[in-house]
Amino acid sequence: MSASDLPLSLYLHFPWCVRKCPYCDFNSHALRGEVPEDDYIDALLRDLDFELERQAESRPLLSIFMGGGTPSLFSGRAMKRVLSEVQKRLVFAADIEITLESNPGTVDEAHFAEYREAGINRLSIGVQSLDAERLKALGRIHDPAQARRAVEIARRCGFDNLNLDMMYALPQQTVEQARTDLQGLIDLKPDHISYYQLTLEPNTEFAARPPALPDDDASWTMQEQGQQLLAAHGYQQYEVSAYAQTGRQSRHNLNYWGFGDYLGIGAGAHGKRTMNGEVRRRARQKHPRLYQEQAGTAESAQEDRVVAAKELPFEFMLNALRLNSGFAIPTYEARTGLAWNADATGLVEARKLGLVEEGDGKVRASALGQRHLNTLLTLFLD
Amino acid sequence: MKQENIRNFCIIAHIDHGKSTLADRFIQICGGLEEREMQAQVLDNNPIERERGITIKAQAVSLEYKAKNGETYQLNLIDTPGHVDFSYEVSRSLFSCEGAVLVVDASQGVEAQSVANCYTALEMNLEVLPVLNKVDLQNAEPERVADEIEQVIGIEASEALRISAKTGLNVVDVLEEIVAKLPAPKGNPDGKLQALIVDSWFDNYLGVVSLVRVINGRIQKGQKVRVISTGKDYEVTMLGVHTPKRVFKNALETGEVGFLIAGIKDIFGAPVGDTLTMSGNASVEQLPGFKKVQPRVFAGMFPVDADDFEDFRESLQKLRLNDSALVFEPENSGALGFGFRIGFLGLLHMEIVQERLEREYNLNLITTAPSVIYEVLYNDGTVKKIDNPAELPDPGMYDEVREPIIDCRVLMPPDYVGSVMQLCMEKRGSQKNLRYLGSQVQLEVEMPLSEVVTDFFDRLKSVSRGYASFEYEFSRFEAGDLVKLDVLVNGDKVDALSTIIHRSVSANRGRDLCERMQDVIHRQMFDIAIQAAIGAKIIARTTVKALRKNVIAKCYGGDLSRKRKLLEKQKEGKKRMKQVGSVEIPQEAFLAVLGMERKKGG
Chain A
1 MSASDLPLSL YLHFPWCVRK CPYCDFNSHA LRGEVPEDDY IDALLRDLDF ELERQAESRP
61 LLSIFMGGGT PSLFSGRAMK RVLSEVQKRL VFAADIEITL ESNPGTVDEA HFAEYREAGI
121 NRLSIGVQSL DAERLKALGR IHDPAQARRA VEIARRCGFD NLNLDMMYAL PQQTVEQART
181 DLQGLIDLKP DHISYYQLTL EPNTEFAARP PALPDDDASW TMQEQGQQLL AAHGYQQYEV
241 SAYAQTGRQS RHNLNYWGFG DYLGIGAGAH GKRTMNGEVR RRARQKHPRL YQEQAGTAES
301 AQEDRVVAAK ELPFEFMLNA LRLNSGFAIP TYEARTGLAW NADATGLVEA RKLGLVEEGD
361 GKVRASALGQ RHLNTLLTLF LD
Chain W
383 MKQENIRNFC IIAHIDHGKS TLADRFIQIC GGLEEREMQA QVLDNNPIER ERGITIKAQA
443 VSLEYKAKNG ETYQLNLIDT PGHVDFSYEV SRSLFSCEGA VLVVDASQGV EAQSVANCYT
503 ALEMNLEVLP VLNKVDLQNA EPERVADEIE QVIGIEASEA LRISAKTGLN VVDVLEEIVA
563 KLPAPKGNPD GKLQALIVDS WFDNYLGVVS LVRVINGRIQ KGQKVRVIST GKDYEVTMLG
623 VHTPKRVFKN ALETGEVGFL IAGIKDIFGA PVGDTLTMSG NASVEQLPGF KKVQPRVFAG
683 MFPVDADDFE DFRESLQKLR LNDSALVFEP ENSGALGFGF RIGFLGLLHM EIVQERLERE
743 YNLNLITTAP SVIYEVLYND GTVKKIDNPA ELPDPGMYDE VREPIIDCRV LMPPDYVGSV
803 MQLCMEKRGS QKNLRYLGSQ VQLEVEMPLS EVVTDFFDRL KSVSRGYASF EYEFSRFEAG
863 DLVKLDVLVN GDKVDALSTI IHRSVSANRG RDLCERMQDV IHRQMFDIAI QAAIGAKIIA
923 RTTVKALRKN VIAKCYGGDL SRKRKLLEKQ KEGKKRMKQV GSVEIPQEAF LAVLGMERKK
983 GG
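Chains A and W, in that order, are what the protein sequence lines are.
Note that this note's numbering numbers the first sequence so that position 236 is 236, with each residue one more than the last.
Note that this note's numbering numbers the second sequence so that position 581 is 963, with each residue one more than the last.
This is chain A alone, in the form it adopts within the complex:
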């Protein structure tokens, strides 16, 4: 398998939100005034053209993810335009997965119908919690009723592949509250649930003024009860924070975790492409205004580098060991271009500590390794 056979995805970033959430460390900016829809989409397309000029792409896109920020601030018309323009430049796989992230506070029925019409076939809704108190503490713009309504509208508009995000270990949250919250989410019967722990990230409002969070033991109990609850309702965990009904795993995210390739287009977007055995990472200018000015020129690159071969094992593990199923050794070799070394120091140490399981040419984190993934990963740092 040559490197150019690696699966390819496309990530499109939409950097605006109604308001910046205090825990969020993604590249998002509070919106002042109207969304400059046409200008921004023009910039995205210049950016994509520039990317494809540097290296043409014949691989079919297996998925597109429109993330943010809040992409649902953009109209259906705008999304329709961007997708049809992308399709003029790249081949879509027959069963392409196209996901749009949306905020329950920005949902309106007309928009959603247009999104579906534009070819978007998967919605990811940032519910985060169904508890009004917690939502307030998180600085969210929506309330539980709006979240429920968003799910209803999505279904009505024909979305049959729905992801809902929920966080646990929220400020002041008890184990019992976390359980009720998750049960409420499950009752909405989404196809996929991202259930992840709130963590304080640097350069966020929460990092500067940390709220009181449940301790290590309580957070762990929440995770364990969550895993049980989700499993009991048919949601199989396939990654640290991802759970899905059969056949509903996120193809796009699986491609990240499988160390596949992806084009990253939009303000602050990160891309990874493997060419001639070299893994190249590119990141765009983060600031929306500057991005729009620079898109389509070499100036817009915030980072553009070939990943050193010695860093690849760590980068691969950082992604692949997140998956419950781990990875197959041939996949490792194909995606890193490196020969598998069963006696590598990190791997030997990981075995000794009982952090990995191996067999049938596959490698994955053991139960202990899943819980202490960071410790496992440090063993692969060069």
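No wet-lab data here; the hints were simulated from the structure.
Just so it is clear, CB atoms sit at the ideal spot from N, CA and C, and this is done for glycine as well.
There's no promise every hint is true.
As the list claims (entries may be wrong) - Cross-link-like lysine-lysine pairs, in silico, BS3-like; alpha carbons within 27 Å at most:
id, chain 1, residue 1, chain 2, residue 2
1, A, 20, W, 936
2, W, 548, W, 448
3, A, 352, W, 448
4, A, 310, W, 945
5, W, 947, A, 310
6, W, 947, A, 20
7, A, 362, W, 945
8, W, 936, A, 310
9, A, 310, W, 956
10, W, 606, W, 568
Unchecked claim - Computed Cβ-Cβ distance ranges for the label pairs, DEER-style:
id, chain 1, residue 1, chain 2, residue 2, range
11, W, 905, A, 56, 50 to 56 Å
12, A, 349, W, 661, 55 to 61 Å
13, W, 689, A, 53, 49 to 55 Å
14, W, 628, A, 277, 56 to 62 Å
15, W, 970, A, 160, 54 to 60 Å
16, A, 277, W, 711, 54 to 60 Å
Following the hints, position chain W against chain A.
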């Protein structure tokens, strides 16, 4: 320089009483440095000394002073350390002087260390000039402090100069008194060469550099000199003085102090305290330069990375060159691997050695809790000294354990007598004497040395708000009801965590130690049982609960470099830890056995 115009002197002062400032003033008045070259406190030229405001190593500056009588004098100021740990350095420095300037802070009064150093100077027949410093301060009480000097030290002080080293007030008068009152060096200029090695240090470019005091005869460039103890001959390639700038000279005359370089490459070639003579002068005797001091405190030091062991050995050898008090021998710990058992003069000495090893030699070390030397009387009547608690045999094998007892002097204002006494009693001290001297009180106490090497200094400072000063000397070994307290981590005894303590406090300390360990050992992937034991009996236990998880919650193809940094930081954090079995034990754990009193509410 005419021999009668040379003055060799040192300054005796308590930390912060203004020794360095006064030295700076002398240098300035004598024109040793331009104003712009004056880096504050020139003499403390080791960065650690400068940071801590103390002087560790002897140094010397040679100044030319034109006195009011029209004569020019060579004033050699030999620096002395100001901390109780370094009294051996003091006696060596004093031997190279004829006089001493005793600097006392006129707002604070006499402190115990100055008293001890002053006694040593008087025993060595040095002329002592008392000087009252900081008279510019509002709360200065020169009359009271002069009175105190007379009562505590017993030297005439009514005429003592009132100065301010900071403003320069009356500093010239101090130089005049040095010229007028301190004797010139005796010594025979025509005699056979006899020179004391006051200090030696290793310079990466020059090799071994020694500070020497010529007692008799003269040293010339190009001559061959012999180090008496080793019998080895070396050709003198460079001679000179520090003004404090380095100035080369062709000869050092009788009574002079300067540096000497003689192509000595071997770091043991010029032992501090040794005597130099002319090659071939077989009959010349060793000077009684210094008495070999015995280290009182011992600790194991182990490289975190076992590969650093040889570097560690080499670094210690280099350090020993100008720190003759440093003794070490290889130690093999079951828990920590190969390292060295190192003897120190005291806790400060230990801290400084560790800091120098880490800073100057770039070593990453784990230091075990310091221990004193014990004498063990075995069943068969033999007596053996042990400096490592892990070596104490099973209780059935010996009749008694004897611990070192020290005579201590604490000097303090009367307000603190009660709390200081209480502290000394808590440390198993017994009071010998209590005297009112001027406005201060001198308390004489006998205490086990082991009680002083834990947290005594910190406690003394806090109960007396820093006003009490402390000085001690070794007295004797005495049998005590002592037991060995072991620490077991996940059932395995960690030899490096063993301590010898008095039975009466063992239960409390065991419990306390377990709690401290629980605080400093990070939660890991599994539960860690920590037990304190005396012999086979477990007296306390705690558990460090397993860390439930350690996972990055979100990772979606975006910025991997931040996640990488996060994990690199985690990896870096392990560097200061030692893997004992499957448990990572941080440096703090080894020192936790030291500070036994739990700090409450602090």
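* Hinted pair residue 362 of chain A and residue 945 of chain W, Cα distance within 27 Å -> holds, 25 Å
* Do the alpha carbons of residue 947 of chain W and residue 310 of chain A lie within 27 Å of each other, as the hint requires? -> holds, 16 Å
* residue 53 of chain A and residue 689 of chain W - C-beta distance against the hinted 49 to 55 Å -> Because 51 Å falls inside the window, the suggested range holds.
* **residue 310 of chain A paired with residue 945 of chain W [C-alpha distance capped at 27 Å]** => holds, 17 Å
* residue 277 of chain A paired with residue 711 of chain W, Cβ distance criterion 54 to 60 Å -> holds, 55 Å
* Straight-line Cα separation of residue 936 of chain W and residue 310 of chain A no greater than 27 Å? -> holds, 24 Å
* **Straight-line alpha-carbon gap residue 352 of chain A to residue 448 of chain W, limit 27 Å** => At roughly 76 Å apart (the allowed maximum being 27 Å), residue 448 of chain W and residue 352 of chain A break the hint.
* To do: Measure nothing beyond the straight line between the CA atoms of residue 310 of chain A and residue 956 of chain W; if it is 27 Å or shorter, mark the hint as holding.
  => Answer holds: residue 310 of chain A to residue 956 of chain W is near 22 Å, not above 27 Å.
* To do: Could you tell me whether the CB distance from residue 349 of chain A to residue 661 of chain W stays inside 55 to 61 Å?
  => Holds - the Cβ-Cβ distance for residue 349 of chain A and residue 661 of chain W, about 60 Å, lies within 55 to 61 Å.
* Range hint compliance [Cβ, residue 970 of chain W to residue 160 of chain A, 54 to 60 Å] -> holds, 57 Å
* Assessment of proposed distance window 56 to 62 Å (beta carbons of residue 628 of chain W, residue 277 of chain A) -> holds, 59 Å
* Outcome for the supplied range 50 to 56 Å, where the beta carbon pair is residue 905 of chain W and residue 56 of chain A -> Given range 50 to 56 Å: holds, Cβ gap about 52 Å.
Taken one by one, the earlier hints fail for this structure only at number 3.
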